[in-house]
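Taken in order, these protein sequences are the chains called A and B.
Be aware that the first sequence starts at 1, since it is given in my numbering, and climbs by one per residue.
Be aware that the second sequence starts at 1, since it is given in my numbering, and climbs by one per residue.
Each hint should be verified, as a subset may be incorrect.
Unchecked claim - Listing some non-contacts, in silico: residues in chain A with all C-beta distances to chain B over 12 Å:
hint	residue
1	L30
2	I40
3	R155
Claimed, not checked - Below, in silico cross-link-like pairs of lysine to aspartate or glutamate (EDC-like), each with a Cα-Cα straight-line distance of 16 Å or less:
hint	chain 1	residue 1	chain 2	residue 2
4	A	K54	B	E9
5	B	K46	B	D81
6	A	K71	B	D65
7	A	K123	B	D65
8	A	K54	A	E75
9	B	K46	A	D118
10	B	K46	A	D41
11	B	K46	B	D83
In short, the hints are calculated from the structure, not lab data.
We put the beta carbon where it would ideally sit given N, CA and C, even for glycine.
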Amino acid sequence: MDSSLYLPMTKNKFLSSQLTFLYQGLMDNLRPYRSFVSYIDRSREYYAAQDYSKPYVWAHHDDVPFTPLRKPISECRVGLVTTAGRTQEEGMIGAGRLMREPYAEPANPPPTHLFTDDLFWDKETTHTDDVDSFLPVNRLAEYAAGGRIGSASPRFYGVPTDYSQSRTSQGAAPRILEWCREDGLDAVLLSAL
Amino acid sequence: MSLVARHLEANGVPTAVMGCARDIVEECGVARFVFTDFPLGNPCGKPWDAEMQSSIVGSALNLLDRAWMPRTTVQTPFRWDNDAWRDAFMRVDESNREALAQEGEERRRRQAEVKTGR
């Protein structure tokens, strides 16, 4: 940060308040910290405070696969994938008998409720009563009706949030791919709560 | 979710991820990412705000159409009503440190019960 922007010390209260005001104005566009929340940092400190001895290790890859669209988006069939569950049990992340399985469900009629209670999201600040706020099945259908995309998939897909990255990569991901192929999808939108 | 997107891309299916946890998605590394700087829970727009939801889904469709290389992130222009959630979520400080330690202990006890089938 430019050192000229540090707030100078002064005993003059008026000048001090003016400088504070000016400083806050400048800091709208300049700040000594990153704006977005780091969930990796936040959750590591949170679980350490809960006395978990080993921090969760997050997936990290240097290489990223990329497939371009093969035809105009207006001709593509597009599908949606969510981390929400159909039932209370699928909404549970956890050990033992409560393992969640990936699923495919009809997109029409659109779901009016999905289970999100045990997923990792900010329950103090917001809610998930509107499914389109995390699985935009109606919004996608509107884009299909308006011709922006060729069609929306007849099904949407659910993938469990799993602490095991190998279960996700080797179990859930191939199932989702299989369903995408069965439904003839050209592209997929995914969103995690 | 990012791992599923990577699997689809590696097998010839173009994807775009919509999300609010920027660091988690970008560390994993995905082809296309529409980031909205909201509290976790509504990655596709505020509840009952169909216009905003359409805009975010539209950004994802544009990204499918136009991105030419992986790790393409776009940020939507939307802001939450206030910023209080940024510090409040999963906050750890002196006021809750003891309660968090107790919660952790309780959670481990419950998980052990599930595992042993009790």
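Against the structure, the hints come out as follows:
Listed as outside the interface, A:L30 is consistent with that label: its C-beta sits roughly 16 Å from the nearest C-beta of chain B, beyond the 12 Å cut-off. With a least CB separation of 5 Å from chain B, A:I40 falls inside the 12 Å interface cut-off, contrary to its annotation. Distance to chain B confirms A:R155 as a non-interface residue, since its nearest Cβ pair spans about 15 Å, more than 12 Å. Distance hint between A:K54 and B:E9 is unfulfilled; the C-alpha atoms sit about 32 Å from each other, more than 16 Å.
In summary, the hint linking B:K46 to B:D81 is supported, as the alpha carbons are separated by about 10 Å, within the 16 Å threshold. For the given pair, A:K71 sits about 9 Å from B:D65 by alpha-carbon distance, which is consistent with the 16 Å threshold. A hinted pair counts as satisfied when its Cα atoms are at most 16 Å apart, and A:K123 with B:D65 does not qualify at roughly 34 Å. For a cut-off of 16 Å, the pair hint linking A:K54 to A:E75 is broken: about 48 Å separates their Cα positions.
Taking the CA atoms of B:K46 and A:D118, the gap is near 20 Å; set against the 16 Å cutoff, the hint is violated. The hinted pair formed by B:K46 and A:D41 fails the criterion: a straight-line CA distance of about 25 Å is larger than 16 Å. For the given pair, B:K46 sits about 15 Å from B:D83 by alpha-carbon distance, which is consistent with the 16 Å threshold.
The structure does not agree with the numbered hints 2, 4, 7, 8, 9, 10 stated previously, though it agrees with the rest.
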